[in-house]
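Using the sequences provided together with the hints, build the complete structure.
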Amino acid sequence: MPHSPFTRILAVVIVVLSAAVLLCPWVLSPLAGISPWVGFLLSGILMVSPVVFTWTTALQCSPFNERAFHLTLPDGRSRAFRRVLGLHAMVFVAISLCLIAYAAISNSRWPDAVHAVLAFLLVLTAVCGAVGTAVTLGTASRKRGITALVLAVLLGVGSCYLLDWVHRRDGFGWSWPRGSYYLSGTRCAVLIAALGYSFTWWWAVMRRNKTGSLLGVVLIGISLPWIGTHANFVPVPEADAQAPTFALAATRKAVPDTTTKWAKITDMLELSGLEEGEFSTISALELAEERGRLQACGFQEVRKGISPQERDLGEKNVWQQRNTWFGKSGGRIVWGSQDLWKHLEGQLPPHETVKYFADFGWRSAGEWPETDLICFTAPDRRNWMGSGTESTLSGATWKLSLSGAVRWEIVGSCKLASGASFRPPQGGVLSVLPLEERNGNAVIRIAFRAPAFGPVFHWFGGKPEFADPGKLRLMLLDEAGSRAYVLGELSPEDARNPSPSGSGTSPSTWWWAGRDSENVLRRGTLYLFQPRASRYHEASLELPPP
Amino acid sequence: MITIRNLHKRFPRHEALRGVNLDVPEGKVTAFLGPNGAGKTTTIKCAMNLIERDHGELSVLGTDARKLGREQWQRIGYVSENRQFPEWMTVPKLMKFLRPMYGKHWDLAFEQKMTRAFELPLKTRLSAMSRGQRMKAALLSALAYRPQLVVLDEPFSGLDALVRDEFLSGLLELTDSEGWTVWISSHDIEEVERFADRVAIINAGKVDLQEDVETLRERFRSVELWFEDAAPVLPPGVPETWLNAKSEGRTISYIDTKYDEHRSAAVLAHSFPGHRRLEARPMTLREIFVALARSYRGSAVSSHAS
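If you're matching them up, the sequences are chains A and B in order. The letter at position 6 of the first sequence is residue 6 when you use this note's numbering, and the numbering goes up by one with no holes. The letter at position 280 of the second sequence is residue 826 when you use this note's numbering, and the numbering goes up by one with no holes.
Don't read these hints as lab results, they were simulated from the structure. Everything numeric in this text was worked out from a predicted model, so none of it was measured. Incorrect hints may have been included.
Unchecked claim - Distance condition first, Cα-Cα at most 30 Å in a straight line; then the derived DSBU-like pairs of lysine-lysine: (1) A:K399 / A:K342; (2) A:K415 / A:K471; (3) A:K143 / B:K613; (4) B:K659 / B:K669; (5) A:K264 / A:K253; (6) B:K752 / A:K210; (7) B:K613 / B:K642; (8) A:K355 / A:K471; (9) B:K613 / A:K210.
Structure, rendered in structure tokens:
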């Protein structure tokens, strides 16, 4: 049967809708998003339309409709089925192209994009196969079609309950699978559903076997939960399943006996194993107390020569460190964010001086602060991080949690007056919007869109990056290129706010600048730095007392 | 061309076919007649493999109906009042869609000739055509490849007299010139009579009669016996070949299904010596069909009563 205009229009509508939902927000504006309601509506239409599409086309190739035009034509049945599958294939290819374009625009990694497209195609094939089978059986007898659907759903749900019950009882020696697999249970289930339901549709149409198809639908419905749980094949080699061990060595030194309640970290800890230009963070320092209890500890960054107890100098001189940066720069281990800034400054084009604005606010630019990284050795009533450390810092085992090693690189640079978009190697798109003015302030807006398809673990085509992408760091060179400015940090995670349709849009993050600074900003060149994973995986080091 | 043996088909609530035996011989026009619900369309659908049969053997063009393939379908033309056409198409688009399926069998000149003869509009969608035009388009799509076997399921249904005549004239002309084998089911017996060589009558899921129209006409007579006075009561055990026999007033009338002028006259002279006049009138196919249908009804009533 030739495709009716309605079927053709439906096919076009599905493709156009897919393109609109996936690509429009990207094409329209770096900040454009879809309102939740529109997103839900479009997502709903996108999910329902393939079902309606298959429903319509399956009616056109049913072998059980005695009045069907194609049944008395040469090769009528196979021809009609081929035409229906061909139209499905065209729609699938068109949607896949939209997805690939979406992946390309959003700067997704190709293995992740391939995984997403395959997953989408398999799920869609499974849905269309199931609908096609049900509709075909429904044309033989409405009762049979409804029975197929109800049985598949009810028996599937029943099978889930049975699976759960068996696992609870564990009477048959079942246990949840361990380890990682390339062909995991979920992937197997999707694959089986796609192949199985396609086969039952083919069986119903080409073999005209109603009972066989019905049985197939029921069997697949029952088996999917079990396959999804237990059918795991092609185990991931241990070496791939776990990232390489972080080759960082730490040597602990005796806590210096100081008159202050704090000591510099460089006096207590010596780290090695980083390569030149590599940085890492200590995400947590815990002290193992008696009975296995862990006491959280931490570091603080203070201006050189200023005791953290000297509060009269203001809070601005003390920086609480959640993630303490350390790295190797200039052949030596450097500590703290100030040293990291210095490292980044070294990557800027040659300039004469540097001004430091970060954490001071744009209204009061300051000179570069020299800082020390310290740790409290005795409790301080105004600082919870130090409470309880007196007795344990020297005697307890230290547990250091380290993130992976990264290298800070320039993602891109642009004139703030015009703005630009950048595609960092880790994925996603960073957009620097042209400088705006609001209420007498200059506003820098940076939007980050996450890559369309997130990292997929245990998939062919390379390992995802395990390291925390960290924050963006922003620096500015003035118009003459003689003076550099440290602007501050931006966390892509904070900025991310995916819309319900999954378009991955994000709001902007901004800074306010006073009028005096506006000209510098407007004429200057912004440099964006982002950490890129160098060596993978987080590590945990246990350091007993020296 | 078509051989059906002991064909059975049961639907959930009734048994449609109860052992149909039928032959559609090559080169002849076989009319398939029967009252509503007798099983005509079901038999044709089984033969065209549109529905599954339960039992029996069914061969079309020498192939089991279940295994009808490309080669067979390129030689079968099927027209049914119930067939769903792609109504959004125009006739030329429909022909363009169909042509590749028939390859060398498709006769483009013949298609164009028929299109002109049927006076089909070329720019009108099938959905906007009249019923008669749609049936002509259906006939065109089924004949343009010069099929060896033409199967027509109720082709005249719903057509007005003028259109029916046009349609039939076209079909008659083609059947004569092409020498096709035609199997046609219809209620319109008078129309069918114009060109049917052979007739098969189905009743309650069984073919009761299949015969050449000529021999059928020779065999069937409407007989009336006239008496001076009141006609005598019919004796018990009238011949089985007498259908719908009744005695009313001064006449006895019946349908003789095996009429032979000399033998029948002798039997009547012996059985009803007092009859004054005998009139044995040849019957039309329609009259034969009606007589048979009445006899079926009568036998059904009597069997129900017993």
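Results for each hint:
1. A:K399 / A:K342: Measuring from Cα to Cα gives roughly 28 Å; hence the hint holds.
2. A:K415 / A:K471: holds, 21 Å
3. A:K143 / B:K613: The hint holds at about 28 Å.
4. B:K659 / B:K669: holds, 17 Å
5. A:K264 / A:K253: holds, 11 Å
6. B:K752 / A:K210: Within the cut-off at roughly 28 Å; holds.
7. B:K613 / B:K642: The hint holds at about 27 Å.
8. A:K355 / A:K471: holds, 20 Å
9. B:K613 / A:K210: The given pair, whose Cα atoms are some 18 Å apart, holds under the 30 Å limit.
Against the hints set out earlier in the document, no violation occurs for any number.
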